[in-house]
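**Student:** Read top to bottom, the protein sequences are chains A and B. Position 231 of the first sequence, counted from 1, bears residue number 231 in UniProt numbering, the numbering being contiguous throughout. Position 342 of the second sequence, counted from 1, bears residue number 342 in UniProt numbering, the numbering being contiguous throughout.
Note that these hints are calculated values from the structure, not bench results. One thing to keep in mind: the hints can contain errors.
[As the list claims (entries may be wrong)] Here are the computed distance ranges between Cβ atoms for each label pair:
#	chain 1	residue 1	chain 2	residue 2	range
1	A	629	B	232	47 to 57 Å
2	A	475	B	204	41 to 51 Å
3	A	446	B	321	51 to 61 Å
4	A	558	B	114	16 to 26 Å
5	B	77	A	166	47 to 57 Å
6	A	629	B	282	13 to 23 Å
[Claimed, not checked] To spell it out: a stretch of chain A is covered by chain B in this simulated footprint if at least three of its residues, at any positions, have a beta carbon under 8 Å from a beta carbon of chain B; those stretches are:
#	stretch
7	382-389
8	479-486
9	544-552
10	606-615
[Claimed, not checked] Result set (SDA-like, lysine to any residue): computed pairs, CA atoms no more than 20 Å apart in a straight line:
#	chain 1	residue 1	chain 2	residue 2
11	B	267	A	641
12	B	79	A	256
13	A	109	A	284
By construction, the Cβ of each residue, glycine as well, lies at the ideal position given by its N, Cα and C atoms.
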Amino acid sequence: MPPRASQPAGSNGKPVKKAKASTKSKATTVKLDAAPSNSQRINPLTAFANTPPSSGKNGIPKASQQSQKSKGKEKEIFKSLVTDAEDDRLWVDIYEPTTEAELAVHVKKVQDVRRWLDEALVGGPSGKLRKYRRILALTGPAGTAKTATMRVLARELDCEILEWRNAMGESSSNPFEDDCRPDGSSYHQSYDSDQESLFSKFEAFLTRASTCQTIFADTERDTRLSSSQSSSSTHPTTRKQQIILLEDLPNILHANTQSRFHAALQGLVTSPSLNPVPIVVIVSDAGVRGEASDERLASGSWGKDRDGVLDIRTVLSKDLLHGPYVTQIGFNPIAPTLMKKALQALVSTHFSSSRAKGSAPSKEILDIIIETSNGDIRSAIMALQFSCVVEMPGSKARKMSSGSSTKQVLEAVTRREQSLHLFHLIGRVLYNKRKGDPPNPSATAKDIQRDKDLDATLKDPPKLPSYLSSHARRRSRVNVDLLYADSPIDSSLFSLYIHQNYSQFCNEVEECEGVADWLSWVDSSGGESWYQANPHRFHLLTMGTLHSLPTPVPRRSQKLFKPEFFDYLTKEKDAWDAVRDVRGWIIEDATSKEKEGWRLGGWSRAEVVTGLGGVLKARDVKQMQPQAPMSHRLFSSLTFVSGGESRGLRQLSEGDLPSDNVDLPGDDGCPRGGWSDIPDEQEGGGWLESDDIEDF
Amino acid sequence: MSLWVDKFRPRALDDLHYHEGLSARLKSLAASGDFPHMLFYGPSGAGKKTRITCTLRQLFGPGVEKLKIDQRVFLSPSKRKIEVNIVQSNFHLEITPSEAGNYDRVVIQELLKEIAQTQQVDLNAKQRFKGAAIHSPLERFCECIVDWTVVIINEADSLSRDAQAALRRTMEKYMSNMRIILCANSTSRLIAPIKSRCLLMRVAAPSDDEMQTVLTYVARRAYFDLPPEAAQEIIKDSGGNLRKAILVLEALKMQSPDLSGPLTIAKPDWETYCQKVAVLIVTEQTPARVMEIRTKFYELLSHCIPPTVILKTIAEAVVSQVDETLKAEIMHWAAFYEVRMRIGSKKIYHLEAWVVKVMSLYKQSFYQFDISEFS
């Protein structure tokens, strides 16, 4: 859809419009007043820096007013404006939800957000929660209506959203902007502000956005309080509450900026403010791909810079994230039923209006769109619009039986880089489905059909000679390359998941043997140094596992668990601390007293662990003085519990993101270069800072 | 707090109870006032460190026992801080580079270069040394000629290859003002160039009789009599590890002060645990059992028991319970997976792979046996 020349630039769909808004910001200094809607985007820098001219709306050039209007999300206003002109904006913008009912988000999520906002703005039922409702972090995959929910709720709660945008286009090198400024005085001001770095602007935005509001609201509150208690109920605040929305963040991946950003937020949150402005941070999940860490290893970069991924942990500092001021609400991909409802509503509104051209898309197309969108409603609406604009190959000519070709086209259009859910990834490997497997009893007809289609595309492998017959398998339905491309985790974590779960899927020890050997081989393959790690580990492990597992895998309601590995690592770390304590206790004065034996090299850690158990136990029993540090039990006392009940196994569920549970403590980065008796790459020698092992 | 092991440790070469030949050699070496780089190797608990200490004392006199502990911070290439404890006297300095994990190369390089390039100019130290009562002419002799520092590197066999390569160069270059004493369990993990640059000193494990002598000596020093049966019991349990034997003796003495009657030697928990895991392996061979054993392994590992030790202990326990024909196989695979474990990063995989292998071997042999009996 190329923009028509006659159309004002502002109505060319969202992105362009935004850019325009920010470049034009100097001309539109009075947005606060002029805005028809309360959820508009403003440039607070200029908005606050320049006092609005008294002329108000009249001061605005006509064109910009038009663009102002078109920014509003209220359909009614919009429709009345543009009904006659053909609207070539995206449907995503036109039909942005305006009420809670229109949101395709699960009701509970919306409630969560609403409650938070309520608590943040008013303080909840007790009125005391306000202090702790400073930052709300909305996370979730792209296109799950995070921003839309925020806007709708802001509208319903009648508050104003102050949004930060990284205005890259706003530079002093734009003479036209300067020319059309109404007064010359603010020219310098803005010129100065252009000299600041982008981040300083951001800081200024944060402080201004929070403090300016504070002043007004405070005075208001004071008057209210001083007048009488009853008046507050009868006469609610005339000025709107405000919310700071941070979606377009400064470049957090730059370490320096990140620390400044953290500091800014921290400062804002801890500052004692009577009437704080809640901050909403929206972060879309960006999945880590399977190869990420492998490639990093191959390219030889040091250690684990997970900073490469923008997630909630990089956006908010650890203290903040675990502190009382931050609430995190995760959005899930939009459920097909909800999406269907939303899309249907959209289609019916669209085609009932006079603007509609062509015919409504068929139900099949709608279904395909929903299926291919993977819960991303933005991409679904895009696809829907596309399907109405473009003549689908099968939409009219061959009404039925065209499912697959339509699907292909749509898939090509809507398919976005998406990662498989961890749960599905592990399941796909461990269930080891092969061509011709009997369908699952719970499978729907559609699933069965899909399996059949898939089987039809798979060729049978050539027959193996008799001496290799033990390796004969039917063709696997798993496409390893695709799996690798879609994997949300790197191969090391993947191997941990396989390791934790494979044994349930085996019937006999012989099958376990295959998987275990592959795990072992893959872990040690390559060279002795970490940078020689095998780049094909993911493939090898997947194929090895598929080859070794029985086929078909018996269904006995296996449960997938998260790896215990990380619990063990934390425990081990504590135990090593205990070892150090005991070691210190032993050699405490050995070096100072000369007649006590000087023991060369002290006690090595391995010696303490393996040798001292008996003595320590005996001392404990007899309560000998001086007493050994009690922590020694962490490594010296081991009681054998028969039965395989392992405590604290956490089940992996469908919604789990890989980032929820674990971060690899860099074990990929540092397998031992040589030989060691002690597994000390994870702990001990004081060279591993605690923050390397992030919260599991 | 001193354990008996530390308290009653021989301090001079003359006090050592066994390996007289070695002691004589070391003494004559010390008498010459100079020595080459040395590598002490032998099983743990054989007395390597004791012998190194005695040699140093012979060489430098009691001044070598005035120690201070320094904590040094090194920077890795990725600007990570590595803290290493260094014990040093005026004459020597000892480090355990394996404390630095992967970055042992940095530590070795930085530290040795620094020592080597600093000549012994600490006149003060010499003054102090002079002021102290000097007993033997030998000590006076040493004081005049010794202008090098001894560096003792503990756990040299856990040095990475990088570190060993770095060491090799340093050994050649700074021979004039530094002597290196390496202490290792086995020479097999050291690269050949290092071995060839060192005078090799093998410290073998003591024989049973020698251990008996030492235990009796320790008992006498601790003012009690050790019944020979108890000593035999302890020796049998310790498997040539004198340190372990003395620790057990101390524990036993604490538990039952009279040391008479039947003794139950208190093994460390992890050993009993490993025995039980071995039983688990032999009694059932199913995927469920694999999972159960995995939790046990995690438990052992989280108690910091070195995985190599786990593998070795369990393998020995399993071998003692299986048929003769399987023993070689099981040990073969233990060795096989031990190598992988050293190279790989996640020890649990290799431990488990070995267990599963043993299980399937055992199961197969068991079924074959059954069938043959049946027919």
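**Student:** Look at each hint and say if it fits the structure.
**Tutor:** We went through each hint and held it up to the structure:
{"no.": "1", "hint": "629(A) / 232(B): 47 to 57 Å", "in the structure": "violated (34 Å)"}
{"no.": "2", "hint": "475(A) / 204(B): 41 to 51 Å", "in the structure": "violated (60 Å)"}
{"no.": "3", "hint": "446(A) / 321(B): 51 to 61 Å", "in the structure": "holds (54 Å)"}
{"no.": "4", "hint": "558(A) / 114(B): 16 to 26 Å", "in the structure": "violated (58 Å)"}
{"no.": "5", "hint": "77(B) / 166(A): 47 to 57 Å", "in the structure": "violated (34 Å)"}
{"no.": "6", "hint": "629(A) / 282(B): 13 to 23 Å", "in the structure": "violated (37 Å)"}
{"no.": "7", "hint": "382-389", "in the structure": "violated (count 0)"}
{"no.": "8", "hint": "479-486", "in the structure": "violated (count 0)"}
{"no.": "9", "hint": "544-552", "in the structure": "violated (count 0)"}
{"no.": "10", "hint": "606-615", "in the structure": "holds (count 9)"}
{"no.": "11", "hint": "267(B) / 641(A)", "in the structure": "holds (17 Å)"}
{"no.": "12", "hint": "79(B) / 256(A)", "in the structure": "holds (17 Å)"}
{"no.": "13", "hint": "109(A) / 284(A)", "in the structure": "holds (16 Å)"}
The structure is inconsistent with the numbered hints 1, 2, 4, 5, 6, 7, 8 and 9, although it conforms to all the rest.
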